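Residue numbering for the sequence shown follows our numbering, starting at 2 and increasing by one per position.
The set of hints was computed from the structure by calculation and includes no laboratory data.
Small disclaimer: the values here were computed from a predicted structure and weren't measured.
With a straight-line cut-off of 20 Å between C-alpha atoms, the simulated SDA-like cross-links for lysine to any residue are:
(1) K112 with E197
(2) K124 with L244
(3) K243 with F271
(4) K288 with P162
(5) K279 with T239
(6) K231 with L301
(7) K280 with E269
(8) K124 with P185
(9) K257 with F242
(10) K240 with I105
(11) K326 with D295
(12) K240 with R109
(13) K112 with A96
(14) K293 with A312
(15) K257 with Q226
(16) K280 with N310
(17) K243 with K280
(18) K289 with A187
(19) K124 with A187
(20) K124 with E111
(21) K289 with M278
(22) K231 with M278
(23) K280 with L235
(24) K257 with L246
(25) K153 with A117
(26) K326 with T290
(27) K289 with M299
(28) K153 with G202
(29) K152 with P199
(30) K240 with P123
(31) K263 with D234
(32) K124 with L48
(33) K288 with T320
(34) K279 with I294
(35) K152 with A117
(36) K289 with R325
(37) K243 with K279
(38) K288 with C319
(39) K314 with D281
(40) K237 with T290
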Amino acid sequence: MDTSGISSCYYNHYLRYAEEEGIELDEKLLAPGFEAGESQVPFSQLLRLIDLLRHRRSGALGLEVGASIAVSSHGSLGAAISHSRDLDQCLSLVAEYHRTRTQIVDIRFEKDDELARIRLTPKTSWGDSEVSIYDSFYMVMFNILRFAIGKKAEQCVLEYPYPAPEWHDVYLEHIPARHVFDQPVAQLTFPASFLEIPCIGSDPAYVRVATEQLQSQMSRLHQDQSMSFKIRDLVKSTKNFKLSLEEAANTLAISKSTLIRKLHQEGETFKSLVEEMKKDYATYMLKKTPYKIDVVSMQLGYDEVANFNRAFKRWFNCTPGRFRKGQPSL
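Start from the sequences and build out the full structure, keeping to the hints where you can.
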């Protein structure tokens, strides 16, 4: 069971886009099935809406919707980042608390002496709407950078994990920066020196209050998530595909028996969940990255490539090499 969600505010931006473009929607899309006052909409609902919009409008809808999502649309997170001390604190807050707004992507903030990076990794399948969703996240992150450091944001480099789409000529219109397609990872990079640029709305007291609200939201989110979602999230965030039942229980501060019981109630087992995560990550690495098969095998926790090959044949009835080449099953 996938319990990923997004902020209802973001969903409403897509609804407004449909309205402004004169696109008629089914009542089920206008009333996505969440109780009044709920802050999250099921991701499956957003996917249906985006699929409909993609078939009725230009492919650039992700950029167009993302452009309308201002910093103020991010709730308590928006309040915190708009009053941050500098870009460093701003992006640290985004990385730590973005799950209060959406659970469909992992946003990581990394830095070294020369470069800073914002990495985007899907936490669930985005299906045929992958490019549109990526485009919206790139646009949203660029808006945050531009809000924090002004025109210097135009010196960042956006790397896309897919070939340039048909509408690639409009990227510069929305994001005046350098765009590089067909890359192994999704990320925005810029000089690490930019992290020290102070934000013009800096207010430590305001950040402290907003952070307390975010911590409370994170706590509620953790309690509301299904146990299977927590296990998937744990494996994805740590990339530990050798995670044991004992380690998972200790991390989640529950007993092994409680973990097993809750997964059983959801129709899942710990072993099947980890196996599913291995399959998903293996297909992603083989299709979306240039890493050699032995590297993929090692990242999945296999001591020998032969063991990975046997597991992969069991999953897909073909070898990893044939799968990467798009060849049929054996």
